[in-house]
Amino acid sequence: MSKKIWSWLALVFGILYFGLPLLGTLEFSLKMRRGVYSLDAYAAVLNDPQFRATFSYSVIMALFTIVLGVIIVVPTAYWVQLKYRRLRPFIEFITLLPLVIPPIVVVFGYIRLYNTSSWLPLTGSAMGTNILLMFGYATLSLPYMYRAVDTGLRAIDVRTLTEAAESLGANWLTIMTRVIMPNVLVAILSGAFLTFAIVIGEFVMAALLNRPAFGPYLQIMGANRAYEPAALAVIAFAITWACMGLIQLVTRFQKFSRVAR
Amino acid sequence: MSDVTVSKPKTTRSWAWLGIAPFILFAVMFLILPTMHIIIGAFKNQQGEVTLDNIRNLFQPSIMASYWISIKISVASAFFGCLIGFAIAASVTLGGLPKWIRAPLMTFSGVASNFAGVPLAFAFIATLGRLGLVTVLLKSWFGINIYAMGFNLLSFFGLTITYLFFQIPLMVLIVTPALDGLKKEWKEAAQILGASGFQYWRMVALPILWPTLLGTFALLFANAFGAVATAYALTGSSLSIVPILLFAQIRGDVLQDPHLGYALAFGMIVITGFANGIYIWMRTRAERWMK
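Chains as they are written, first to last, in this note's numbering: chain A, 26 to 286; chain B, 303 to 593.
Mixed in with the good hints there might be a few duds.
To be verified - Here are the in silico distance ranges between beta carbons for each label pair:
hint, chain 1, residue 1, chain 2, residue 2, range
1, A, Asp-182, B, Ala-367, 32 to 38 Å
2, A, Ile-96, B, Met-366, 43 to 49 Å
3, B, Gly-452, A, Ile-96, 51 to 57 Å
Unchecked claim - Restricting the straight-line Cα-Cα distance to at most 30 Å, the calculated cross-link-like pairs of lysine-lysine (DSSO-like) are:
hint, chain 1, residue 1, chain 2, residue 2
4, A, Lys-28, B, Lys-485
5, A, Lys-29, B, Lys-486
6, B, Lys-489, A, Lys-29
7, B, Lys-401, A, Lys-29
8, B, Lys-486, A, Lys-28
Unchecked claim - Far from chain B by the CB rule (all over 10 Å, computed), these chain A residues:
hint, residue
9, Gly-60
10, Leu-64
11, Val-84
The hints are simulated quantities; they were obtained by calculation from the structure and are not laboratory data. Think of the CB as a built atom: it goes at the ideal place given N, C-alpha and C, for glycine as much as any other residue.
With these hints in hand, go ahead and build the complete structure from the sequences.
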């Protein structure tokens, strides 16, 4: 019986430790008007043109990063599964590198390698820097995207599907877009939502490349305002929650469709 | 006819090569080359000559102090993250709590382990800052003024508490499957041989879990060591942990020597690389028991 008491104690501790900051943030975000709870902080945030500009910038960056990630990861994972099995440990090692090398070091390398006096002056223009930032985000999401797609590919019979498609006269692009991708769509979506959550809140890369993203905006608000940061934290938490919820939703949906087949 | 059969595998092979080429190009240009540039730069001086001076310059007291506080925070948050995460995961898997708790706990862990960066700092300022919910409640309900007692969110202790918010859930996510992997038969076999609960844990369960625990500790360590955003939003640059020092260096060259910045970054790669090496090595050992 004592085991159960300790279990409950651990759980209660967990609920307190994780609940209180969320509660504290929510409460603080409602206190902007003196004496009463109000949504003033949220109104102030949502009416801030800077909020809209940086948030939509980060959303667009996230979408482009997802597309780039899919283009890079899906064909690679597919070919590794189909033809280059002995390359698997090597490819997996590369996909884990972003966890080993801190993002601040990677972006430091970008600044030195792709500055205006280099062979590829990406930081010379706003568009070039955006592209560089997109590639940076793609490295951040690489471990998660690759893991998700690879797991998805292992669950289907890549070889048979490919041979069937080939014998029907499909070319490589057709196989990729109309056979493989639909079959690992759930895995791609899981990776995509996680990428979205990562990119929306990312701070270091955007700050050091001087792009007007949501992360640096959050930091500036934190340094200059009292109640708006709490409202922003609640919004950010809701976005993270939505992304994770969507991952669970699509995964569950897949389970049903698998059973139905 | 024979021409067709010979040429067909050839074309698929060239396509296959093209399928991996974008990935390799991407990895080389945006991951490997930038990192190599930093590592090589750490061993060169302004004139481009090979030197160990930059590495030697790391051993000045202010930089060593930065590394030391970074390591302390990373070790403390990884240790308590492992301990508390293990306790929570064990309660849910083995502790006889109702089954329905498990699914929401795992979902929440997924969310919380990704809820890092600047918003996390805001959440803790709103909770344990000078006007935060817990600070105020402790003061008005129990008369405890934690700030008068020396607590400060912008300190080693404060940063460790904040980091635990993403460290504990990460541990829960990793260790729960490992605890599920402990087979009932092992416990029964131990009991039949006369082992007490403590002996079962000490001689069976913990040795099996050990690689997972050590590996996760290393992962959490690296996770905390590389984190910049939370600390920066929380403390500005008042607490000079290594990533913040490097951040300030990249922004404004505070060290007046770009190659010292390279050395600083190189030191970070060495430490996180070492920690992750342990993690990957331990994970392969842990997987032996997961079949």
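Cross-check of the supplied hints:
1. The hinted window of 32 to 38 Å between Asp-182(A) and Ala-367(B) is violated, with their beta carbons roughly 57 Å apart.
2. Checked against the given bound of 43 to 49 Å, the beta carbons of Ile-96(A) and Met-366(B), roughly 44 Å apart, stay inside it.
3. For the pair Gly-452(B) and Ile-96(A), the supplied restraint of 51 to 57 Å holds, since their beta-carbon distance comes to about 53 Å.
4. At most 30 Å may separate the alpha-carbon atoms for a hinted pair to count; Lys-28(A) and Lys-485(B) meet this at roughly 19 Å.
5. For the hint linking Lys-29(A) to Lys-486(B), the alpha-carbon distance of about 18 Å falls within 30 Å, and the restraint holds.
6. Between Lys-489(B) and Lys-29(A) the CA atoms are separated by roughly 18 Å; this keeps the pair inside 30 Å, and the hint holds.
7. Restraint check for Lys-401(B) and Lys-29(A): satisfied, since their Cα atoms lie roughly 13 Å apart, inside the 30 Å limit.
8. This hinted pair checks out: Lys-486(B) and Lys-28(A) have alpha carbons roughly 17 Å apart, not beyond 30 Å.
9. Remark: the non-interface label on Gly-60(A) is consistent with the geometry, its nearest Cβ contact in chain B lying 15 Å away (cut-off 10 Å).
10. Leu-64(A), annotated as away from the interface, keeps every beta carbon of chain B farther than 10 Å; the closest lies near 16 Å.
11. Consistency note on Val-84(A): stated as away from chain B, and its beta-carbon is indeed over 10 Å from all of that chain's, at 16 Å minimum.
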